[in-house]
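Q: Since chain A is already given, all that's left is putting chain B on it; use the hints.
Chain by chain, the residues run as shown.
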Amino acid sequence: MIGQAAVGVLLVIVGALLEGVAQVFLKKSVLRAARWYLWISLGIAILLVEKAIYSEALLFLDVGAAFAISSFNLISITFMSRFLLRERVTRTRWIGVCLIFVGVGLVAARA
Amino acid sequence: MTKRKNFPIRLALGLFVAILIDTVLQLVWKSAVVSLPSDGSPWLNVQAALHSPLFLFVILLMPCQFLNWLMVLGKADLSFAQPVTALSYVSVFCLSVFFLKEPPDLVQIAGILCVLAGVWFISQTDHITEPKEREA
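Protein chains in written order, with our numbering: chain A, 1 to 111; chain B, 1001 to 1136.
Any given hint could turn out to be false.
Unchecked claim - Simulated restraints on C-beta separations:
#: 1; chain 1: B; residue 1: 1056; chain 2: A; residue 2: 31; range: 30 to 36 Å
#: 2; chain 1: B; residue 1: 1005; chain 2: A; residue 2: 79; range: 21 to 27 Å
#: 3; chain 1: B; residue 1: 1070; chain 2: A; residue 2: 51; range: 14 to 20 Å
#: 4; chain 1: B; residue 1: 1047; chain 2: A; residue 2: 95; range: 44 to 50 Å
#: 5; chain 1: A; residue 1: 90; chain 2: B; residue 2: 1028; range: 34 to 40 Å
#: 6; chain 1: A; residue 1: 34; chain 2: B; residue 2: 1059; range: 28 to 34 Å
To be verified - Pairs of lysine-lysine, DSS-like flavour, derived with a Cα cap of 25 Å:
#: 7; chain 1: A; residue 1: 51; chain 2: A; residue 2: 28
#: 8; chain 1: B; residue 1: 1005; chain 2: B; residue 2: 1075
#: 9; chain 1: B; residue 1: 1132; chain 2: B; residue 2: 1005
#: 10; chain 1: B; residue 1: 1005; chain 2: A; residue 2: 28
#: 11; chain 1: B; residue 1: 1075; chain 2: B; residue 2: 1132
#: 12; chain 1: B; residue 1: 1101; chain 2: A; residue 2: 28
#: 13; chain 1: B; residue 1: 1101; chain 2: A; residue 2: 51
Hint data in this document are derived by calculation from the structure and do not stem from the laboratory. Each residue gets a CB set at the ideal place from its N, CA and C atoms; glycine is no exception.
Next up, chain A with everything else stripped away, as it sits in the complex:
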C-alpha cells in the first residue's frame, strides 16, 4: 500500500508535468496565429486542473515540502521546451535551470 506522503509527492509531480504542458500550450498560442484561442483555452483548462491536483496534494503534504517538490516544474518545462517547442536549450541554460531548481527547493523546504 502506498503511504500518504508518497501519494502527495506523486500528485505534486503530476501537477508539475501538467503545468509544463499548459505552458507549452500558452507558448504555442503566441507562436501560431491560427487557432491561438484553442491553445490558450487548453492551457487555461490544464492550469485549472493542475491547481486542483496541487490543492489535493496539500492534504497529504506540508506546504513547504509541496512547494519544494513543485519546483520540479522548471525541469519539466525546460524538457518540454526543448523537445516539443524545439527551443535551443544550451548547456549554460541547463546549468542555470538546475541551479534555480536546487535553490528554489532549498528556499521552499524551509518555508
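A: For chain B alone, kept in the frame of chain A given last:
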C-alpha cells in the same frame, strides 16, 4: 562565434512586471489567507474570501499577470522566461526579512544564492530561438 541577440526593453519590462506581480501575489495571498476565520467551513471561507478586499485584489491581479505572461512568451523562449521568474523567490525572501522581520536562515540564503547564480547563467543565453533554428 555567434553574436548575442539584442535584449528587447519590452521583454525586460515584462519580466520585471511578472516578477513584481508574482511577489505581490505571494505576499498578499499569505496575508489574505491569515485574515480568514480559522474555524469556518470551506463554504464559509469562500464567502469570507469574496468579501475580503485582499482576495478581490488577488483576483484582479491574476488576469493582469496572465496577459503580461502572454506578452513575455511572445518575445522570449519559455525555457528562458519561466526560470527567470524564479527571482520572485528572492524578492519575497528579501521583503520578508526586511519588512516582516522574519529571521533569515542559512539554508534559505544558500538557496537564494543558487537562484541568483542560475538566473545569471540563463541571462548569458539568447532569449529567443528563431524559427529557422527551431527546424534544425
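Q: A separate judgement is required for each hint: does it hold in the structure or not?
A: Verification of the supplied hints:
Restraint check, residue 1056 of chain B to residue 31 of chain A: a C-beta distance of roughly 34 Å satisfies the suggested window 30 to 36 Å. Roughly 23 Å separates the CB atoms of residue 1005 of chain B and residue 79 of chain A, a value that falls within the hinted 21 to 27 Å. At about 18 Å, the beta-carbon gap between residue 1070 of chain B and residue 51 of chain A stays in the expected band of 14 to 20 Å. In this structure the supplied range 44 to 50 Å holds for residue 1047 of chain B paired with residue 95 of chain A, their Cβ-Cβ distance being about 48 Å.
Take residue 90 of chain A and residue 1028 of chain B: their Cβ atoms lie about 36 Å apart, and the range 34 to 40 Å holds. Under the hint 28 to 34 Å, the C-beta atoms of residue 34 of chain A and residue 1059 of chain B, about 32 Å apart, fit the expected range. In summary, the hint linking residue 51 of chain A to residue 28 of chain A is supported, as the alpha carbons are separated by about 21 Å, within the 25 Å threshold. Distance check on the hinted pair: residue 1005 of chain B and residue 1075 of chain B sit about 12 Å apart at the alpha-carbon level, within 25 Å; holds.
With a CA separation close to 15 Å, the supplied pair residue 1132 of chain B and residue 1005 of chain B stays within the 25 Å bound. Note on residue 1005 of chain B and residue 28 of chain A: the hinted pairing holds, with a Cα-Cα distance of about 22 Å set against a maximum of 25 Å. A hinted pair counts as satisfied when its Cα atoms are at most 25 Å apart, and residue 1075 of chain B with residue 1132 of chain B qualifies at roughly 16 Å. For the hint pairing residue 1101 of chain B with residue 28 of chain A, the CA-to-CA distance comes to about 42 Å; that exceeds 25 Å, so the pair is violated.
Using a Cα cut-off of 25 Å, the hinted pair residue 1101 of chain B and residue 51 of chain A is violated, with the two alpha carbons roughly 30 Å apart.
Hints 12 and 13 from the list above are not met by this structure, while the remaining hints are.
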